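> So you can see what is in the structure, the chains are spelled out below.
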Amino acid sequence: MTIGTPTDQPSRLAFGGLIDRRLPLRFRFDDLELTGYAGDTLASALIANDVKLVGRSFKYHRPRGILTAGSEEPNALVELRAGPRREPNTRATTIELYDGLAADSQNRWPSLRHDLLAVNQLAAPFLGAGFYYKTFMWPAAFWEKVYEPAIRRAAGLGRAATAADPDPYEKAFAFCDVLVIGGGPAGLAAALAAGRAGARVILCDEDFLAGGRLNAERRGVGDKPAYAWAAEAVAELAAMPDVTLMPRTTVYGVYDGGTYAAIERVGDHLPVPAPHTPRQRNWKIVAKRTVLAAGAIERPIVFGGNDRPGVMLAGAVRTYLNRFAAAPGRRAVVFANNDEAAATTADLAAAGVVVAAVVDTRRDVPAATREAAKAAGALLVAEGRIVEAKGGRRGVRSALIRNRDGRDMHLACDLIAVSGGWSPTIQLTSHLGAKPMWDEARAAQLPGALPPGMAVAGAAAGDFGLGSCLAEGHAAGADAAEALGHDRSSGAAPVADDEPAGLAPYWHVKDSAGKAFVDFQNDVSVSDVALAVRDGFRIAEHLKRYTTLGMATDQGKTGNTAGMAVLAEATARPVAEVGMTTFRPPYVPVAIGAFAGHHRGKAFRPTRLAPSHAWAAERGAVFVETGNWLRAQWYPEAGETDWLESVTREVKGTRERVGVCDVSTLGKIDVQGPDAGTFLDRVYANTFSTLPVGKARYGLMLREDGFVLDDGTTARLGEEHYFMTTTTANAVKVMQHLEYCHQVIWPDLDVQMVSVTEQWAQYAIAGPKARAVVAALLDPSQDVSNEAFPYLAAGPVTVCGGVAGRLYRLSFSGELAYEIGVPARYGDALIRAIMTAGAPHGIVPYGTEALGVMRIEKGHPAGNELNGQTTAHDLGFGKLLSKKKDFIGRFMAARPALTDPGRTTLVGVKPVEPGARLRGGAHFVPRDATVSSENDQGYLTSVAFSPELGHWIGLGFLANGPERYGEVIRAADPLRSADVMVEVCAPCFIDPEGARLRV
Amino acid sequence: MSETLTARPALAGIALPGRHGTGNGAPGVTLRERTDLGVVAVMARKGQGEALRMAVASAYRATLPDTARYLAGQTVGFVGTGPGQWLAVSASLGGGALAVDLTAKLAGLASVSDQGDGRAVIRIAGPRARDVLAKGLPIDLHPSVFAPGSAATSIISLMGVTLWQVDETPAYDLVVFRSLAVSFWSWLTDSAAEYGYEVVPATN
Amino acid sequence: MRIRCPYCGERGLEEFTYRGDATVTRPETLDQTAEAAWVDYVYLRDNPAGPHREHWYHGAGCHAWLVVTRDVRTHEILGVELAGGPA
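Chains as they are written, first to last, in this note's numbering: chain F, 7 to 1005; chain C, 28 to 231; chain S, 54 to 140.
These aren't lab readings, by the way, just hints derived from the structure by calculation. The model shown is predicted, which means the values in this text are computed figures rather than measured ones. Beta carbons are placed, not taken as given, at the ideal position from N, Cα and C, and that holds for glycine. One or more hints might be untrue.
Unchecked claim - Pairs of lysine-lysine residues, derived as DSS-like cross-links and limited to a Cα-Cα distance of at most 30 Å, are as follows:
no.	chain 1	residue 1	chain 2	residue 2
1	C	73	F	739
2	F	380	F	658
3	F	916	C	73
To be verified - Computed far set for chain C versus chain S, every beta-carbon distance over 10 Å:
no.	residue
4	48
5	81
6	85
7	94
8	109
9	110
10	127
11	128
12	165
13	187
14	225
Stated by the list, open to error - Pair ranges (Cβ atoms, derived):
no.	chain 1	residue 1	chain 2	residue 2	range
15	F	794	S	54	55 to 61 Å
16	F	647	C	40	27 to 33 Å
17	S	125	F	540	57 to 63 Å
18	F	789	C	118	34 to 40 Å
19	S	54	F	632	28 to 34 Å
20	F	631	C	118	57 to 63 Å
21	S	84	F	989	41 to 47 Å
Chain F extracted, bound-state conformation (with noise of 0.2 Å):
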């Protein structure tokens, strides 16, 4: 007997196993502080350590263990690290072992060996297929106050952490010539010929150490042990400066035109990631070839009982034996319906594990299977089934065996080691929308119409010898290499034998003895498969949805194929046309970190800062994102307590005296050339190739189906120069029209633009000192009087000493006011230069806040006025479309439906209480009318309190409004209980005449 030393690993072989003995490693299972070794993974270290019941299933909280040796692990499921670091579902099968590891059992309370909520296993006649659908269907409020606060505190899975993970991800791009999916024999086969041949390879494996079933069979390539095969190949690849390999690393989606997902486990395999580097990387690989190597996953067969921990998948079994040396067990009975019971048998004896039986469902059994039997000393039972496997919450004690003369024998065990034969890892094949086919002669779906640039190879495509897998792997790497003009020799395929490979499909024990599972994550039985037919869904996407088969992490990746294949029988059809359900990324599951990547916190989005960001945080301006900028939305100074008070103060400054407000960040875009003029004729509603040098207008833009898309300002610069403002939210958008209506409809004008939204720092100096101030900033000789410069001009100036700059007679505020433009890099130097030539006269800078209170005051339509549903005529603005000329959205503006009077139109309104707050969003209703959607007439857009008229003020749209002047009607808000008497009015509520504008 080998196993049982060391004293501290229980069921650790004495020798053997790809891990490395000299380094033991500590960690915590729940309360069991135990040891493993490097090379271990959570799951080999606590079989090592003779821990079987390791999780609680996630319906009927029966106990569970561990299945399988890899991600498709449905049971192992546990919370990994603690605190803010804690992640849950996470399987125990692929967590690399580190020192310090902390893992706890979930799903349990108030612990695993006295679960509890196992009371729900009493329940399970109630709790089968499609009960939540027919029992929570009535009352209605049940559901929220009821059900589902009591299902979730006895159902989920594991505990999400409560405080943000500390740790960084990233994401990353990858190029190559051959991507390899796998790294067992046919993907390390498949990299090393396209990387000999010359071709930049990318070999994706998703265990730390490759090779894959090559460390996990006594098996042999050419003349050395497969491991020994697999690692020399690794080293090889590693050597060739165009490949690179990515360890623990699964592609977990394939998209269109050769683009790849993957997700690479960086640092999940220490504490704590090392300084700087993320936790996870998301890849997104652009492969021009893929060479999907991605192997087969082995499926158990369904008997009474098959949850137990101690029944395990034989190929698992095989791994832990062999590669990290660890006895899942130490009486087993082998279960199969192929030929892998001589290799489990076998190699379970070579570890000293007793197989007390060897159980073949087929009639005839290979010579090698009652070779390896005999030689074990183990009873062969032929033709034979195991109807139950009986044991506690602590595993498997027994196992009921029925030979074929329907004869029973009991058989202590604590392992049963089961083989249902493989199913090819085909899952990434469909992600485009391709049907896997089933092929009986191997009961398994395999690949259908494959992604473009796509090849299988080995088990994947259903070829599951080593030698295929070998052969085919190089062939498919040489093809890949060779395709793209790569003509370097691919070397010699390696070589190895076939192992034998018999199977009769045999998919559950028909005469199963207690509940027998398909789905272990979901707690899917054939008993709910059963009665979903039952029920009437007959087909796979039916069934999945009905019962939740293969809807848990795991995606049902063991239990998927039996399901199938027990709804075939249970609806007498052939596998074949029940269909498939359909596979999705991602692969594994990927925590949502990896997606955000650096995009968290902070840098959610990047964010613009204006040319004054510097100055304005100096100064402790209050900012607000618009768009992806950060403007100042107001300046508090010392002692202001409420924003109110800070943006009244801002607005009667600016009006009193004058104020500054940097207005960089409104789109302006460079247009030139000779057909400049004739270009923004077709794209504005009103005219602009008239427009004098030196002058600027305001212009409209309508979308071509007539509504209004976006307005600013306009200056001519030159004679084919013209230089553009948009609106800050709509200038991305703007430039794109502008670039279509050239490129697509009128690409035979001769017309440049390009953005300079950028180029530009821009500062609005408004309000009656405004002159002196901007004659300060200008170098000597250049007057700004009214009659040199007057209401929109606009011209080049120097700034300052020198600096080339521009300037503009524009007004949003409706005060003398300018706007005052430098070179981006001077920007900060300019606002601070304006503060102190302001200082004489009490300048006042002002944020976005005092900006919207002045611009509703003078009834200019903004971002809420200009929302995609209103039109020219809604905004007062129905004269500047031109009728002379064609433009964007002039056939469409003229339709009678955008020029119904009766349509809503811009007006003011202001309370008929003054002390009354008006708020925006609320509707409009004739004044003695019920508030209700038939008797709306419009609604509230923007409201300000206005300091010069001392009350509230709105702007919205009200159905005949310009008839309506002096009406009193209802802004009605249910939502906030606030309900208005409102007068309406002109949307011009200050100077409506623009005197002001043109002293």
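Following the hints, put chains C and S in place on chain F, whose structure we already have.
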């Protein structure tokens, strides 16, 4: 009042010279803001492509690339950014001088628009430069497909970027919008920290 | 999805913006008799199961509007050209 305004680099107070990130030996990359470069958009007038090419050749001894490439001239280099569009880049004609020069020499052949203030230019150089850029740039920089003189306009971490390879160090010049320079720097330094990086003082 | 921009080369979807049908033509007349043509141009779109000519904007690249011929059933790109013709 009339005093000279002081230019503020896009990364003033943000790009702090020194050794940062992993380790303290040779850094994986060095980062430097290139200030006072002339950067100007040049857009061919309709039907003037050939004449423009000749004018650029004679005025700057430079070749206008037909594709996304950077071709250096005597004092001015040209980067292809789109059909009939280039960025002219010059270290010697900084400030607005390059735009003034191009406007005069290419009159009638191209529209010229100064971009020197609208962009921040960052040079990344060092053995891990490709690895750093791979964390955001969806473009293959393998030397077999992207060599000195290769250029591209693309997107990094949701921010537009024009870049070209300067030499085989490898070194790359990255041109980003000025308002995004701080966000871009945050991505760049987060991405470079793994390999260790050194920020060297801004120069052109 | 990857689109081979005639100027920039093959680039990923994240650089492009989809607009729609590239086969529609803006009517040249403002005459009221052209109403049906305008409605057709602005609103009505075919939805062929197969190759489709559509406008894509390479906004994160060269700013070119492209006519991409794409099989909408498979996303296979059958051709890409500059909407404005050769520069």
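> Mind verifying the non-interface call on residue 94 (chain C)? Its CB should be farther than 10 Å from each CB in chain S.
violated (7 Å)
> Taking the closest pair, is the beta carbon of residue 48 (chain C) still more than 10 Å from chain S?
Answer for residue 48 (chain C): holds, closest chain S Cβ roughly 27 Å.
> Please confirm whether residue 187 (chain C) is truly not at the interface, meaning its C-beta sits more than 10 Å away from all C-beta atoms of chain S.
violated (6 Å)
> Next pair to validate is residue 73 (chain C) with residue 739 (chain F); report whether the Cα-Cα distance is within 30 Å.
Holds, at about 25 Å.
> Mind checking the hinted window 57 to 63 Å against the Cβ distance between residue 125 (chain S) and residue 540 (chain F)?
violated (41 Å)
> Report holds if the minimum CB distance from residue 127 (chain C) to chain S is greater than 10 Å, and violated otherwise.
Given a closest Cβ separation of 25 Å, the condition holds.
> With respect to the beta-carbon atoms only, verify the hint that residue 647 (chain F) and residue 40 (chain C) lie 27 to 33 Å apart.
holds (31 Å)
> Would you assess whether residue 225 (chain C), listed as outside the interface, keeps its beta-carbon beyond 10 Å of every beta-carbon in chain S?
holds (30 Å)
> Just want to verify: residue 85 (chain C) was marked as not at the interface with chain S; is every Cβ pair farther apart than 10 Å?
holds (22 Å)
> When you look at the beta carbon of residue 109 (chain C), is every beta carbon of chain S farther off than 10 Å?
Contrary to the label, residue 109 (chain C) does not stay out of reach of chain S, its closest Cβ about 3 Å off (not over 10 Å).
> Does the beta carbon distance between residue 54 (chain S) and residue 632 (chain F) stay inside 28 to 34 Å, or does it fall outside?
32 Å Cβ-Cβ, so the 28 to 34 Å window holds.
> Measure nothing beyond the straight line between the CA atoms of residue 380 (chain F) and residue 658 (chain F); if it is 30 Å or shorter, mark the hint as holding.
The hint is violated at about 101 Å.
The structure is inconsistent with the numbered hints 2, 3, 7, 8, 9, 12, 13, 17 and 20, although it conforms to all the rest.
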